[in-house]
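A.B. asks: Chain by chain, the residues:
2 protein chains.
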Amino acid sequence: MSAALATYKAQRAAFIEQDRSLRRENIWKARRSPEEIKADEIIRKIRAKEASTIWKQESDSIPHPFPGMEFLTGRSIIVKTKIYEILAKMPKGALLHAHFDATVNAEKLLELALKHEAIHVRVPQIVTMENIKSVLPSFRALPRNEFVHGPGVTDQRYTPDTWASIQRARDTFDPSLGGPEGFDKWVCSAMIINPAEAYGTHNTITKIWQKFTSTFLVSTGLIRYIPVFTEFIREFLLSSIEDGISYIEPRINFLSRYMVGKDGLENVPHREWLLIFDRVMNEVKEDMKKKGREDEFIGAKVIYSTIRFIAPEELDWYTEDCIALKKEFPHLIAGFDLVGDENVLRPLIDYIEPLQRFQSRQREEGVDIPLVLHAGETLGDGTEADDNVYDAILLGTKRIGHGYSIVKHPKLMEICRERGIALEVCPISNEILRLTSSMPMHPLPIMMNNGIPVALSSDDPGTFGHMGLTFDYYQVLVSSEVTGLSTLGALARDSIEYSNLGDEEKRVAMKNWEERWGKFIEYIIVEGEGE
Amino acid sequence: MSAALATYKAQRAAFIEQDRSLRRENIWKARRSPEEIKADEIIRKIRAKEASTIWKQESDSIPHPFPGMEFLTGRSIIVKTKIYEILAKMPKGALLHAHFDATVNAEKLLELALKHEAIHVRVPQIVTMENIKSVLPSFRALPRNEFVHGPGVTDQRYTPDTWASIQRARDTFDPSLGGPEGFDKWVCSAMIINPAEAYGTHNTITKIWQKFTSTFLVSTGLIRYIPVFTEFIREFLLSSIEDGISYIEPRINFLSRYMVGKDGLENVPHREWLLIFDRVMNEVKEDMKKKGREDEFIGAKVIYSTIRFIAPEELDWYTEDCIALKKEFPHLIAGFDLVGDENVLRPLIDYIEPLQRFQSRQREEGVDIPLVLHAGETLGDGTEADDNVYDAILLGTKRIGHGYSIVKHPKLMEICRERGIALEVCPISNEILRLTSSMPMHPLPIMMNNGIPVALSSDDPGTFGHMGLTFDYYQVLVSSEVTGLSTLGALARDSIEYSNLGDEEKRVAMKNWEERWGKFIEYIIVEGEGE
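So the protein lines, in turn, are chains G and V.
For the first sequence, the UniProt record's numbering begins at 1 and goes up steadily by one.
For the second sequence, the UniProt record's numbering begins at 1 and goes up steadily by one.
Simulated from the structure, these hints should not be mistaken for lab results.
All of these numbers come straight from a predicted model, not from anything done at the bench.
Note that identical chains are pooled: a pair holds if it fits in a single copy or bridges any two copies.
The calculated BS3-like cross-link candidates involving lysine-lysine, where the alpha carbons are at most 25 Å apart (straight line), are:
(1) 49 to 207
(2) 56 to 207
(3) 398 to 9
Input sequences plus hints: build the corresponding full structure.
C.D. replies: Pasting the structure below:
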């Protein structure tokens, strides 16, 4: 190499380092152990090997696979990789962005519901071969004296828009539509997004959101029944723990004032939801302790949410409700948000006054409920949805839900970096909801290179069929040559750092995580020897 | 509105302004005429109207259209819009990024070629119903004594891999394959990318580049024949002028050392290519002058290009050749580039030494040939293609071809802004070559909000079927609510400002453009009265 070239290369290396100097993993880089450096090399080696072997195998069903490709298509390849096997064991830190109603997979939810004869199903038309793909079931638990013993939903004697027992509807589901298994398939497919929809029939943001919204209309009738709700919470917590998540801040939708109780009456108020949440969480903690695994689960706190179609003047009821709940359950309420499709619902600017009142009322009541607002989950440039990012920051949001469009805003990125406003980034959700076509197109590297804290999140794992965070971490790792094991570690640390845990809780969570991270690195080194 | 809300809104407006303060249109914003402000409002009004009417019309062929959608699908809607009609009349400034071989539409190129009996066609298999979609024609002009009078390429008597007269091959093209029109369709579809390929069969970067590269292999045989080359230049200049482009810097590929002359012999050296280029350009200028339209065309200069598959040691031949041409045609050589698919060809780092030698040799010879390097035309993060952006800047590139991935690099964006390194952004090309799925997903707003100069460019209009720059300006305008008429004006001004015109030429070009811009604004106001 000539002296001029050597000089050039040294200058170039410094230049690249300077360009990447804001990345958050740099904070921990200096004190990486030799083991972590070795594990990082192992991961990069396996990734490179799999990129040129398993990801190059053309097949009729997946004609040209690539790392970070459309998740619903590539999933069958992902699960065959060593990287996936390894990441499944990674301690993920906290899950900070997940909509509670979409945190249990559809099959499991249906299984929970089928245990209860109180649950009934209703359809606007008798279900037939012709309409089965478009007719959506509605569910509700009824009081015992209203139980229906009439015909199922494929029966010619069924009267549209009347209730039928879920169990009977399943048992009598037309054999030509698959019988009971056909019923399960029909119900589950109404609660999930499949690849044909995401990448074919609904391949635009507008259309996929129509499908996405409809999945909630179906599942809510099953979840909003106390016995199912209770087991749903448990299922969510357990499956998260199994994935290596040690703390969770689900957004629970408190739009409906009451849930249906065990007696089939819609009369269970919000405070009882939280009592149940608290009880189940404590039972799970207790079980973990019995297994000697208490370090793996710190707990969960709720982000109180309502939806952006309510009128601004209606918001006061919810913020007052939230304050009352916070006063009764200070350890359980971790934040407040308004959710829904930003591209079509009301922008944050519509809610400035009630949100300002919310903040002054908190001061009066001596409580602190941080805003954790969705903003910028859009491709719009200068649209109301894009402008939500300005309002979220002006309103003092603690984190931003998605913040997908923030990369367009240099000043806002600077503020997020300087004030420590973390982004809850949901890679797979963004891709399935068509903000990006694949992970290499995702703006995450822009966020990271600008030094903004990021907590990877799953958003709606039940609807997207990717429980836990392993798949999200997978997609991130295989889509960037800059990102390595230590980057994933930095993301996990940020998820704890920017959670709404109290200081002492956070210290414990971080300590536990660091211990598990050390063991994870040891495991990678052992696995690496076989490679 | 409460006082608190009024304060909030004032603060918000200032915040948004601060966030957008780096945008280049701000330079001219203060001195916008009242007419321009009015015309901008008209454009925004028509855009909003068309977004909610013509772009909302569902049809079976385009199930869910939206502004900025896939160009090859949305094109039939675009041409029906008033915005398109208006933008077609906009003075575009300079076209700074276009690959010469793809600057004339396929039908026109074939029409030019069919005038010459010297041109022959060759295929590896007899063309049949079964293989017509995969068999690609090769072309070459032959010397008179080698003219072939044998069977055409669909004839059972045709011997694969032998030459057939293009005229005869066309006349005798199997009637079951469409006869002569079938021949035209076959040849043209081998030179363009169609929507079924871009959005279906070849819907990944790797696959679309295979198709894209193959189009050049077909067209080059027609273009590299002096009589066609001559008229091809004229056609390119005239179609650009008709679209409102007043200056052009095409990249001409000088990889082959000789072109085929009128006599069918491959012996025409590079200096003669430039002599012809100069002559045709002057003829076009002369014609424009005769029509009293000399202000609409300043001229064209060539960016000398070769391809990134050559060995580093081979590069010296090209750089010396370029220097010799620059000395002979100082007014014609405007820059130097290395082109091709960055994801698979050699990275710039391989060429550092010859490029450093090129720069010292220029100093010895007293010439100045700016580097105008392609870099970052990729979705890679930290890949060789992405890292090309570091090298382009370290090598002192005057502009960056594409620079698509630069948005990931905060330091590099700062340098581009501060040093005035413009990006040649090709929206439609990026979308068809699958870097982005649609225009709203394109990173252009990030570049603009970071204050980087941008010259919108068409890249390969012949291959993509979008002659001129009107469609590129259209896609940009309809995909952002921030962007308005004055933004387009700023882009056009930047294309002149960051061209490689000399100071005096640039002054004239800018003056002419400003006059035409004024007339364009008057025209919009008149059109607006009818809206």
